[in-house]
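Trainee: Given next are the chains, with one letter for each unit.
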Amino acid sequence: MRVLYHLVRADFLERVRRYSFLVTLAAATYLGYCCETGKLVIRLDEYRGVYNSAWLGCLMALVSTTFLTLIGFYFVKNALERDQETRVGQILATTPMTKSFYTTAKTISNFVVLASMIGVMALAALLMQWLKAEDPHVDLWALLSPFLLFALPAMAFTAALAVLFETLPILRGGAGNVLYFFVWTALLAVPISSMDKGGRPTDATYFTDLTGVVSVMSNMQADLRSIDPNYKNGAALTIGDTATSKKFLWKGLRLSPAAYLSRATCLLMALGVALVAALFFHRFDPAREWLVKRARVEILDPVNGEAALSALPVQTAQLTPLVRAASGSSLPCLVLAELKLMLKGQRWWWYAVAGGLFTASIAAPLNDVRDGVAIAVLIWPVLVWSQMGVREARFNTAPLIFSCERSLQRQLPAVWIAGVALAVVTNGGVAIRLLIAADRPGFLAWVACSLFVPSLALALGIWSGTSKAFEAVYTVGWYVGPGHQLPGLDFLGASPESARPQFFLFLTAALVVAAYLGRRAKLANA
Amino acid sequence: MELTIAGVSKRYRGGVWALRDFSLRLRPGVLGLLGPNGAGKTTLMSILATITRATQGEVLWNDTALARDPDAIRSVLGYLPQDFGVYPNLNALEFLEYLAAVKGLDSATSRRRIEELLSLVNLSDVRKRPLGGYSGGMKQRIGIAQALLNDPQILIVDEPTAGLDPEERVRFRNLLSELSGERVIILSTHIVSDVEATATDIALISGGRLVAHATPEELLRQVEGKVWEDVVPSSALQAVKQRYLISGTARRADGVHIRILSATAPNGAQPLIPTLEDAYLYCLNTHRAGGAA
Chain A
-9 MRVLYHLVRA
1 DFLERVRRYS
11 FLVTLAAATY
21 LGYCCETGKL
31 VIRLDEYRGV
41 YNSAWLGCLM
51 ALVSTTFLTL
61 IGFYFVKNAL
71 ERDQETRVGQ
81 ILATTPMTKS
91 FYTTAKTISN
101 FVVLASMIGV
111 MALAALLMQW
121 LKAEDPHVDL
131 WALLSPFLLF
141 ALPAMAFTAA
151 LAVLFETLPI
161 LRGGAGNVLY
171 FFVWTALLAV
181 PISSMDKGGR
191 PTDATYFTDL
201 TGVVSVMSNM
211 QADLRSIDPN
221 YKNGAALTIG
231 DTATSKKFLW
241 KGLRLSPAAY
251 LSRATCLLMA
261 LGVALVAALF
271 FHRFDPAREW
281 LVKRARVEIL
291 DPVNGEAALS
301 ALPVQTAQLT
311 PLVRAASGSS
321 LPCLVLAELK
331 LMLKGQRWWW
341 YAVAGGLFTA
351 SIAAPLNDVR
361 DGVAIAVLIW
371 PVLVWSQMGV
381 REARFNTAPL
391 IFSCERSLQR
401 QLPAVWIAGV
411 ALAVVTNGGV
421 AIRLLIAADR
431 PGFLAWVACS
441 LFVPSLALAL
451 GIWSGTSKAF
461 EAVYTVGWYV
471 GPGHQLPGLD
481 FLGASPESAR
491 PQFFLFLTAA
501 LVVAAYLGRR
511 AKLANA
Chain B
73 MELTIAGVSK
83 RYRGGVWALR
93 DFSLRLRPGV
103 LGLLGPNGAG
113 KTTLMSILAT
123 ITRATQGEVL
133 WNDTALARDP
143 DAIRSVLGYL
153 PQDFGVYPNL
163 NALEFLEYLA
173 AVKGLDSATS
183 RRRIEELLSL
193 VNLSDVRKRP
203 LGGYSGGMKQ
213 RIGIAQALLN
223 DPQILIVDEP
233 TAGLDPEERV
243 RFRNLLSELS
253 GERVIILSTH
263 IVSDVEATAT
273 DIALISGGRL
283 VAHATPEELL
293 RQVEGKVWED
303 VVPSSALQAV
313 KQRYLISGTA
323 RRADGVHIRI
333 LSATAPNGAQ
343 PLIPTLEDAY
353 LYCLNTHRAG
363 GAA
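Line order of the protein sequences matches chains A and B.
All residue numbers for the first sequence refer to my numbering, where the first residue is -9 and numbers rise by one.
All residue numbers for the second sequence refer to my numbering, where the first residue is 73 and numbers rise by one.
Don't take each hint at face value.
[As the list claims (entries may be wrong)] List time: in silico DSSO-like cross-link candidates among lysine-lysine, alpha-carbon distance up to 30 angstroms:
#: 1; chain 1: A; residue 1: K330; chain 2: B; residue 2: K200
#: 2; chain 1: A; residue 1: K222; chain 2: A; residue 2: K237
#: 3; chain 1: A; residue 1: K29; chain 2: A; residue 2: K334
#: 4; chain 1: A; residue 1: K334; chain 2: B; residue 2: K200
#: 5; chain 1: A; residue 1: K330; chain 2: A; residue 2: K237
#: 6; chain 1: A; residue 1: K122; chain 2: A; residue 2: K89
[Said to hold, decoys possible] Ranges between beta-carbon positions, derived for each pair:
#: 7; chain 1: A; residue 1: L507; chain 2: B; residue 2: Q128; range: 17 to 27 angstroms
#: 8; chain 1: B; residue 1: R199; chain 2: A; residue 2: W340; range: 18 to 28 angstroms
#: 9; chain 1: A; residue 1: G345; chain 2: B; residue 2: M73; range: 46 to 56 angstroms
#: 10; chain 1: B; residue 1: E289; chain 2: A; residue 2: R7; range: 48 to 58 angstroms
#: 11; chain 1: B; residue 1: Q294; chain 2: A; residue 2: R273; range: 28 to 38 angstroms
#: 12; chain 1: A; residue 1: L117; chain 2: B; residue 2: S95; range: 52 to 62 angstroms
#: 13; chain 1: A; residue 1: L15; chain 2: B; residue 2: Q128; range: 31 to 41 angstroms
#: 14; chain 1: A; residue 1: G418; chain 2: B; residue 2: R199; range: 39 to 49 angstroms
#: 15; chain 1: A; residue 1: G262; chain 2: B; residue 2: Q128; range: 21 to 31 angstroms
#: 16; chain 1: B; residue 1: D135; chain 2: A; residue 2: G345; range: 55 to 65 angstroms
#: 17; chain 1: A; residue 1: L3; chain 2: B; residue 2: Q294; range: 46 to 56 angstroms
#: 18; chain 1: A; residue 1: I81; chain 2: B; residue 2: Q128; range: 37 to 47 angstroms
[Unchecked claim] For the chain B half of the interface with chain A, some residues (derived, Cβ under 10 angstroms), not all of them:
#: 19; residue: I119
#: 20; residue: T122
#: 21; residue: D135
#: 22; residue: L149
#: 23; residue: Y159
#: 24; residue: L162
#: 25; residue: A172
#: 26; residue: L177
#: 27; residue: D197
#: 28; residue: P202
#: 29; residue: G215
#: 30; residue: Q218
#: 31; residue: L247
#: 32; residue: I318
#: 33; residue: T321
Derived from the structure by calculation, the hints contain no laboratory data.
For each residue, glycine too, the CB sits at the ideal point set by N, CA and C.
Model the full structure from these sequences, guided by the hints.
Mentor: Set out below in structure tokens:
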């Protein structure tokens, strides 16, 4: 237990002292603020609950489970990676610690970090009841029990999933980050599909309801039905459109034994996932690493080295003076070099799929291209774009590149141009199809999209220092925007109604400026 | 061709001063920068390589202030950091081609240069092998090659022989000597023999301050008549260590041979010819004693 405590403690302290923890904590606080200002509500048709301890506890707990199971996953999915990079993992691997102990400890460590965010949300709930002043009586159990029953088990499961993703080589990188979004979407959708025909939860609903959204809301719905027989059973956690005309007094959760059991099962599942992760954990064996990240050098023992040197023949080493052409015309060379670097390591099947999508873009009917093929085309290079602005830090080549002449004025634009070129080429079939159909607005939206996506990747890469930010933000934006043709987020212009090319061109300009300023801040003598 | 470091200080977050009022004027030749761990060598290198900014003072390259126009030095700079990475999916040729493009070299020039450099660092045979499979020493040689891509007038190398095998160390030392004629070369290392073999000037740095700047001969003169050898039984070693500054010990059949640095001859000790390592330890110890006083 002592070992476990110290392992978790060290990991927790290392994380909470990082800048990214403050950012994630700020995001959690912002969610609390959105609830306080009424931008995030649980809405039952035209009703919402009176802001008493029970309602606010459930509201904040559901907001936590819904959003922190997504944001939190990306935040904690670096426990093994950090041990790998800092070489602490190699030290741990030489101790008697078992693989299952390690993955369980990392799960607990992830959980503690996520739980600290839940703690912030619980405090926000308490504060909110005081600020809203709709019910002055604070019932601590009613306020905190949703966090204990729903939020914490959900965080435990998220923590374990993050460890599992890290131990599986195929899910460790960007592919895992993209895939998790769809896993998260499925986790939200599955309990709804297991409800009965009347829209009431069954026992199966509770056991599949990781976030607790359906379990809690069905409780609220049942109580409202008994108050207002005309209530049409609508229920949603709503963002933005939150105006409600009626309030009702909800007295709190009344859960069935199956619901309680399901929460315990959620914790057990978290433990199970942590133990499954141990099966894939390679114990930092460098022979099983997919990628060698940094060139580390070993220093020879100078005394022994000297003895060997004296026995060696003296060799001359000369270098011809460099005669070079005037610099200034080398940007195309650099763009080409960046493009090669971006695509290096892609397998034949990556090109085959990209080629297939390109061909399908030209061959398919225009409507199918706009709201189908083009959307698929946009997700395919996501892991290539996500390396923009990150590569120098990830592979520790920054000192080599940033000490070069006009790095900010040449290398940064070259990366951006290469990213745009990749967008233009992979998405080129769509452009050809739009031009054949003489769809000018569609083509303008395509231009905006081709400029916007690499700009977003570059800006997020530079400011976050990790590819995860783009992979997560872009996947969500891609799903909600082009995927659901949401005006304001549809950067592709999947339908004429949702296309906003001018807005995305403006956003592109802002992102390019942000990328420039971010890189400039990183260069000491920009 | 002159690099002037004028009163440079560097303070990190938390108020730690890594460099304090450091001044030096460098002309073509090899400057060996010697100092213990945490002395401020890497910080100084980073400032000169435009990676980080001085908190106070300035660096001038041929009268151009580095803070005002960093590209003036970057265009003639070759830099081998102590800790650097490579792109594991690229091979040596591709990686150097990439960095040549970043440095602004045209394709034809870079192609010729890369061929020559790969041959120079003995990596021609493995030029097509992905860098991810390279050993530490091979990666270090790639680092050396990239630093020389643009035929730099200022070459800054931080622990360049770390990880190299003895043969490669000899090659690199020879290369540095060969290049030093018309370049300012700064060699930072804790391996005194590397400095002994190549440096025309030596700067000793400790606690972020310049302790000494002299030629190797001048440094050696400081310890002439101050290096002694004594032979003592193992049981007496601790007592001698407490009394004298020791620069080396070796256990032999007749007892422990101790290399002592002292202004006065210990009882029964024999004089020795000083080495640069003796001079380095003596200067540092004198500096520390002065600081403590």
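Trainee: None of the hints should be skipped; say for each whether it holds.
Mentor: Against the structure, the hints:
| no. | hint | verdict |
| --- | --- | --- |
| 1 | A:K330 / B:K200 | holds, 15 angstroms |
| 2 | A:K222 / A:K237 | holds, 15 angstroms |
| 3 | A:K29 / A:K334 | violated, 45 angstroms |
| 4 | A:K334 / B:K200 | holds, 13 angstroms |
| 5 | A:K330 / A:K237 | violated, 60 angstroms |
| 6 | A:K122 / A:K89 | violated, 49 angstroms |
| 7 | A:L507 / B:Q128: 17 to 27 angstroms | holds, 26 angstroms |
| 8 | B:R199 / A:W340: 18 to 28 angstroms | holds, 25 angstroms |
| 9 | A:G345 / B:M73: 46 to 56 angstroms | holds, 54 angstroms |
| 10 | B:E289 / A:R7: 48 to 58 angstroms | holds, 50 angstroms |
| 11 | B:Q294 / A:R273: 28 to 38 angstroms | violated, 53 angstroms |
| 12 | A:L117 / B:S95: 52 to 62 angstroms | holds, 57 angstroms |
| 13 | A:L15 / B:Q128: 31 to 41 angstroms | holds, 36 angstroms |
| 14 | A:G418 / B:R199: 39 to 49 angstroms | violated, 34 angstroms |
| 15 | A:G262 / B:Q128: 21 to 31 angstroms | violated, 58 angstroms |
| 16 | B:D135 / A:G345: 55 to 65 angstroms | holds, 57 angstroms |
| 17 | A:L3 / B:Q294: 46 to 56 angstroms | holds, 48 angstroms |
| 18 | A:I81 / B:Q128: 37 to 47 angstroms | holds, 39 angstroms |
| 19 | I119 | holds, 8 angstroms |
| 20 | T122 | holds, 5 angstroms |
| 21 | D135 | violated, 17 angstroms |
| 22 | L149 | holds, 6 angstroms |
| 23 | Y159 | holds, 6 angstroms |
| 24 | L162 | holds, 6 angstroms |
| 25 | A172 | holds, 8 angstroms |
| 26 | L177 | holds, 6 angstroms |
| 27 | D197 | violated, 17 angstroms |
| 28 | P202 | holds, 9 angstroms |
| 29 | G215 | holds, 7 angstroms |
| 30 | Q218 | holds, 6 angstroms |
| 31 | L247 | holds, 4 angstroms |
| 32 | I318 | violated, 15 angstroms |
| 33 | T321 | violated, 12 angstroms |
Hint check: violations occur at hints 3, 5, 6, 11, 14, 15, 21, 27, 32 and 33; the rest are consistent with the structure.
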